[in-house]
Amino acid sequence: EAGVTQSPTHLIKTRGQQATLRCSPISGHTSVYWYQQALGLGLQFLLWYDEGEERNRGNFPPRFSGRQFPNYSSELNVNALELEDSALYLCASSLPVNQPQHFGDGTRLSIL
Amino acid sequence: GEDVEQSLFLSVREGDSSVINCTYTDSSSTYLYWYKQEPGAGLQLLTYIFSNMDMKQDQRLTVLLNKKDKHLSLRIADTQTGDSAIYFCAEKLRNSNSGYALNFGKGTSLLVTP
Numbered sequence: 001e002a003g004v005t006q007s008p009t010h011l012i013k014t015r016g017q018q019a020t021l022r023c024s025p026i027s028g029h030t031s032v033y034w035y036q037q038a039l040g041l042g043l044q045f046l047l048w049y050d051e052g053e054e055r056n057r058g059n060f061p062p063r064f065s066g067r068q069f070p071n072y073s074s075e076l077n078v079n080a081l082e083l084e085d086s087a088l089y090l091c092a093s094s095l096p097v098n099q100p101q102h103f104g105d106g107t108r109l110s111i112l
Numbered sequence: 001g002e003d004v005e006q007s008l009f010l011s012v013r014e015g016d017s018s019v020i021n022c023t024y025t026d027s028s029s030t031y032l033y034w035y036k037q038e039p040g041a042g043l044q045l046l047t048y049i050f051s052n053m054d055m056k057q058d059q060r061l062t063v064l065l066n067k068k069d070k071h072l073s074l075r076i077a078d079t080q081t082g083d084s085a086i087y088f089c090a091e092k093l094r095n096s097n098s099g100y101a102l103n104f105g106k107g108t109s110l111l112v113t114p
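Those protein sequences? They're chains L and D, same order as listed. The opening residue of the first sequence carries number 1 in this note's numbering; numbering runs sequentially from there. The opening residue of the second sequence carries number 1 in this note's numbering; numbering runs sequentially from there.
FYI, nobody ran anything at the bench for these hints, they're computed from the structure. Model, not experiment: these values are computed from the prediction. Among the hints, erroneous ones may be present.
[Said to hold, decoys possible] Looking from chain L toward chain D, a few residues come up when the C-beta cut is under 10 Å (computed): (1) Gly28; (2) His29; (3) Ser31; (4) Pro100.
[Said to hold, decoys possible] Simulated DEER-style distance windows between Cβ atoms: (5) D:Arg13 / L:Pro62: 46 to 56 Å; (6) L:Ala80 / D:Asp58: 38 to 48 Å; (7) L:Gln18 / D:Met55: 43 to 53 Å; (8) L:Gly28 / D:Met53: 18 to 28 Å; (9) L:Asn79 / D:Met55: 45 to 55 Å; (10) D:Phe50 / L:Arg63: 17 to 27 Å; (11) D:Thr23 / L:Ser86: 28 to 38 Å; (12) L:Ile12 / D:His71: 39 to 49 Å; (13) L:Ser27 / D:Lys56: 22 to 32 Å; (14) L:Thr9 / D:Gln59: 23 to 33 Å; (15) L:Leu95 / D:Ser27: 23 to 33 Å; (16) L:Gly40 / D:Leu61: 24 to 34 Å.
Where a beta carbon is used, it is the ideal one built from N, C-alpha and C, also for glycine.
All chains should be built: construct the whole structure from the sequences, respecting the hints.
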């Protein structure tokens, strides 16, 4: 069974640009979660999608947004990139909410 | 939110047992998890425990839960050099602010020396 897949592996952008990160959950998983792992800040919850709807978001500004498609894959969009957005962005998926979250290998976003 | 606390670094010799400790924040957390992160990789789910359990054993891994003290530990028996990684403790919060997001500790770097 394929795990959670994320693309691209690496993404280099400059300040003010926009970035799109993609995630394909494990087959059969309907919930997708996004986390940011920034140096020194640990893992911070960004967004949770379930059945195509945004269910909750963490303490991040509105320029972090996303969506979930009918096939349960998801996109994370970050607008007006800032230097401090440089981080590893991890996607996780799960069956309904009480099941463990399984993570992809992440997209490393570097802002120059 | 409040912090899940973990010691930052642990060094053990190959063949010894490793014990990684964690103090979590929410006594109503339903599930508690241990994840492993190797360099350049994502998080690998190692094991998890439901809050009504005190202990769970899975091959070389033993998880102990003390709900009264909100303390979680992970014991790795016969630690190998391949166990060198960062280990994250996480609680599944269940409140109106967090939905079902995981609240992570900062991670414990485990170094296994030959």
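Verification of the hints:
1. Gly28: violated, 16 Å
2. His29: violated, 13 Å
3. Ser31: Where the cut-off is 10 Å and the nearest Cβ of chain D is about 8 Å from Ser31 of chain L, the hint holds.
4. Pro100: Nearest chain D Cβ about 5 Å off; hint holds.
5. D:Arg13 / L:Pro62: 46 to 56 Å: Holds, at about 50 Å.
6. L:Ala80 / D:Asp58: 38 to 48 Å: holds, 45 Å
7. L:Gln18 / D:Met55: 43 to 53 Å: Taking Cβ atoms as reference, Gln18 of chain L and Met55 of chain D lie about 48 Å apart, which means the hint holds.
8. L:Gly28 / D:Met53: 18 to 28 Å: holds, 26 Å
9. L:Asn79 / D:Met55: 45 to 55 Å: holds, 47 Å
10. D:Phe50 / L:Arg63: 17 to 27 Å: violated, 37 Å
11. D:Thr23 / L:Ser86: 28 to 38 Å: holds, 30 Å
12. L:Ile12 / D:His71: 39 to 49 Å: Check passed, 42 Å falls within 39 to 49 Å.
13. L:Ser27 / D:Lys56: 22 to 32 Å: 27 Å Cβ-Cβ, so the 22 to 32 Å window holds.
14. L:Thr9 / D:Gln59: 23 to 33 Å: At roughly 31 Å between Cβ atoms, Gln59 of chain D and Thr9 of chain L fall inside 23 to 33 Å, so the hint holds.
15. L:Leu95 / D:Ser27: 23 to 33 Å: Given about 25 Å between the Cβ atoms, the range holds.
16. L:Gly40 / D:Leu61: 24 to 34 Å: Given a distance of about 28 Å, which is inside 24 to 34 Å, the answer is holds.
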